[in-house]
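Enquirer: With chain X's structure known, arrange chain A on it following the hints.
Letter by letter, the chains look like this.
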Amino acid sequence: MTEKTEARPAANVLLVGVGGQGIVLASQVLARLAFDAGLDAKQNEVHGLSQRGGSVTGHVRWGREVFTPVIMEGEAHFLLALEELEALRWAHFVRPDGLVVADSRHIAPASVTAGGEQYPEDIPGRLREFAETLSVPGYQIALEMGVPRAANVVLLGALSTRVPGFSAGEWKAAVSAHVPEKFLDVNLAAFDRGRESADR
Amino acid sequence: MGKKAKRQLMFGNEAVARGAWEAGCTVATAYPGTPATEINEFCAIYPEIDAEWSVNEKVALESGIGAAFAGARTLVSMKQVGVNVAADALFSLAYAGVNAGLVIVTADEPGLHSSQNEQDNRFYAKFAQVPMLEPSDSQEAKDLVAVAFEISEKHDTPVFLRLTTRVCHSRCAVTLGERREVPRRPYVKNSDKYAMVPSHAYKRHFDLEKRQTMLEAVAETFEGNRLEMRSLEYGVVTSGISYMNVREALPDFSTLKITMTYPVPHQLIRNFASQVNKLYVIEENRPFLEEEILALGIPVEGKQQLLRVGELPASALRRRILHKESRQKHAVEGLPKRPPQFCPGCLHRGIFYLLGRKKLIVTGDIGCYGLACLPPYDAMDTLIDMGAGISMAHGFDKVVEDGERVVGVVGDSTFFHSGMTGVASAVFNRGVSTWVIIDNRITAMTGHQPDPASGYGIDRLPAPRLDIETVCRALGVKRVQRVDAFDLEAMSELLDAETAAKEPSVIIVEGPCVFVDRASRSDAWEVDQAACVRCKSCFRLGCPAITIEDDEVRVVAEMCWGCGLCAQVCPRKAIKRGPDKVGERASPRALDEESGA
Chain X
0 MTEKTEARPA
10 ANVLLVGVGG
20 QGIVLASQVL
30 ARLAFDAGLD
40 AKQNEVHGLS
50 QRGGSVTGHV
60 RWGREVFTPV
70 IMEGEAHFLL
80 ALEELEALRW
90 AHFVRPDGLV
100 VADSRHIAPA
110 SVTAGGEQYP
120 EDIPGRLREF
130 AETLSVPGYQ
140 IALEMGVPRA
150 ANVVLLGALS
160 TRVPGFSAGE
170 WKAAVSAHVP
180 EKFLDVNLAA
190 FDRGRESADR
Chain A
0 MGKKAKRQLM
10 FGNEAVARGA
20 WEAGCTVATA
30 YPGTPATEIN
40 EFCAIYPEID
50 AEWSVNEKVA
60 LESGIGAAFA
70 GARTLVSMKQ
80 VGVNVAADAL
90 FSLAYAGVNA
100 GLVIVTADEP
110 GLHSSQNEQD
120 NRFYAKFAQV
130 PMLEPSDSQE
140 AKDLVAVAFE
150 ISEKHDTPVF
160 LRLTTRVCHS
170 RCAVTLGERR
180 EVPRRPYVKN
190 SDKYAMVPSH
200 AYKRHFDLEK
210 RQTMLEAVAE
220 TFEGNRLEMR
230 SLEYGVVTSG
240 ISYMNVREAL
250 PDFSTLKITM
260 TYPVPHQLIR
270 NFASQVNKLY
280 VIEENRPFLE
290 EEILALGIPV
300 EGKQQLLRVG
310 ELPASALRRR
320 ILHKESRQKH
330 AVEGLPKRPP
340 QFCPGCLHRG
350 IFYLLGRKKL
360 IVTGDIGCYG
370 LACLPPYDAM
380 DTLIDMGAGI
390 SMAHGFDKVV
400 EDGERVVGVV
410 GDSTFFHSGM
420 TGVASAVFNR
430 GVSTWVIIDN
440 RITAMTGHQP
450 DPASGYGIDR
460 LPAPRLDIET
470 VCRALGVKRV
480 QRVDAFDLEA
490 MSELLDAETA
500 AKEPSVIIVE
510 GPCVFVDRAS
520 RSDAWEVDQA
530 ACVRCKSCFR
540 LGCPAITIED
550 DEVRVVAEMC
560 WGCGLCAQVC
570 PRKAIKRGPD
580 KVGERASPRA
590 LDEESGA
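The listed protein sequences derive, respectively, from chains X and A.
Note that the first sequence covers residues 0 to 199 in numbering that gives the first Met the number 0.
Note that the second sequence covers residues 0 to 596 in numbering that gives the first Met the number 0.
Read the hints as simulated data drawn from the structure, not as lab findings.
Every residue gets a Cβ at the ideal spot worked out from N, C-alpha and C, and that includes glycine.
Among the hints, erroneous ones may be present.
[What the hints assert, rightly or not] Residues from chain X shown here face chain A by an in silico Cβ test under 8 Å; the list is partial:
1) K41
2) H91
3) A109
[Stated by the list, open to error] Derived pair list, reagent style BS3-like, types lysine-lysine, alpha-carbon separation capped at 30 Å:
4) X:K181 with A:K5
5) A:K328 with A:K358
6) A:K125 with A:K357
7) A:K3 with X:K171
8) A:K535 with A:K358
9) X:K171 with A:K397
10) A:K501 with A:K397
11) A:K336 with A:K125
12) A:K153 with A:K125
Just chain X, with the same shape it has in the complex:
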């Protein structure tokens, strides 16, 4: 995709995490954000067996014209990770001039808990070998708020401070379009906490 100096520049966002963490919802919010701003947007997600606690990805792309819904290796402007090991697993997708936004949460896979493999150490340090990295305690914040499931929205909040071209209001409208009304207030609060955490 050609880079353009526009008010809303084209971007590729790769979302990664563990099946069940809310990757699909976060991907939908991002696609909606761009689509509602009048951009061409495409989003791809994983269904079926991989959702059962496996490694999961969601691709979101926007711009004037988007062809493939799947991001090329080394071409993601943003890598949004809901779990650290998954951030490292997919780090080769982020552009060297891109940004990794990673939850500091660790979820040990069965290969570690039962299989005797080691969970990697100093992941943020290793991520920085690929691109600038913003480590966010998203899950911790969501836990403190009593809504561990909203960690994905906390991360979206953090990401929103670094994605050019969209106002906080536009972000919140996109979040509102995809969370159940019952949980809207708490999700918007989680989004704000994410924004604050990135500002610090």
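Expert: Only chain A this time, still in chain X's reference frame:
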């Protein structure tokens, strides 16, 4: 023109359903299978479409043929391997043709995200002589459904619509249209056309070949087959999602986008090939278009550079055609893998723990329980196709010797799909097999579609429930027992007794799918650190809620479903749940959020 047409982001599968609705479709049938499942789920949302989950793809297609003969525009959808099940009907249907339009959606899976193979169903189009259309995105998917119905009715043929996973499961902008009501076409008795006895079929075969010639001409001028000239140096013949990947990775290359994949437009390809210096063909899996082009005597490069295995994303084209590497470093190697796992509280965990521990030969089947062939269970020897869990056990039993014990395993949906016939056949042939039917009364892996064990239909309204025990007894199995999926001792005793019996027997393992029965959750268990000796026996259950931190085995309360299997396998009785914990529910775990697909 009136108000501006509404545009919205739509899933490929959702767009197919929308296209069917707009085109006046009134009947939709399917059996769930990733990546096709949501097509029928979205069809069911429209009140004008009578949608149902059939018990298998053959039944879905046959019901669909009935509806189309009777005069209703009909959509039948299935995953790629489903077409194998439906193929018996397909080939004769191609002879008979249709009355009202009949569109068969095949959702193929290059990259086998959730499938047992990567079969390329374009060959079915050629094999059965059924035209095939292939969209590259959601908009085209929607538009092509209407086109497919028109071709179907105009040329008196079923029409294939082929999607692949990345088209099925990508969202992009779609312009919505209105529904066009299509009145029922009268049904007129015509056994020469609809009843394929040899004398009729012989005549229909001539009609089929005539139609084939006509469709070959249609393909040459088909609007969706699009020639886009850019560079005169390089040209690419491509189709489906590969077109999008080509546009992304090779933006300067001229393209011939083939949207009618069968019949292949030979003249159009000749014309395109004559305008470029070097011709490529880029397609996932088999060299379907490539063989057609080579047969025309046109030099083309395709599978010499490109893999036949897996998907061909833009990254792969950049590397293999342009010989350009990513600007980023390579992937980190040697990271701990994270395969999918049974959910905490899953009914499959206990029975496969036992089957693995008992070192039985287990002939397995398709479902979430396919995970049982992986560690820590290693409890499934075979997985071939739906229904094979039942029939293959019978085959093993013919050959194995004393000391080798065989158990066939299927789920409830699989049992009704094609397990019942295997039971009937084995009983009739004096078989002695032991079958475990794991019954959670739902088709779980594909996202919880109801089946005959559920007691409700696709519309969630009550429907007759077929009782598996009664069915098995009616099929001639005398030993049929039911057991609680969370009672290890009872299941263990039953497995020993039934595998020793010299006659057919069925063990029905009953429990809910945690996604469907949220109320099955109970208080979390806890590890008494004073009693725990870190023997890790509980780890053999492969439960994501059991973990080890700072050398302490722990149950993660927010993930624990309270099933209690860990307490049963702990040799020290160190996993406990005190009365003081009652009522103190853990917060809903993350898995609440996405209810599968």
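Enquirer: For every hint, state whether the structure bears it out.
Expert: Checked hints:
1. K41: X:K41 check passes; min Cβ-Cβ to chain A is 5 Å, inside 8 Å.
2. H91: This interface hint holds because 4 Å falls under the 8 Å limit.
3. A109: Constraint on X:A109 satisfied, holds at 6 Å.
4. X:K181 with A:K5: The hint holds at about 28 Å.
5. A:K328 with A:K358: violated (44 Å)
6. A:K125 with A:K357: violated (47 Å)
7. A:K3 with X:K171: holds (26 Å)
8. A:K535 with A:K358: Holds, at about 20 Å.
9. X:K171 with A:K397: violated (64 Å)
10. A:K501 with A:K397: The hint holds at about 12 Å.
11. A:K336 with A:K125: violated (40 Å)
12. A:K153 with A:K125: Holds. A:K153 to A:K125 sits at ~20 Å (cutoff 30 Å).
Hint compliance for this structure: hints 5, 6, 9 and 11 are not met, and every other hint is.
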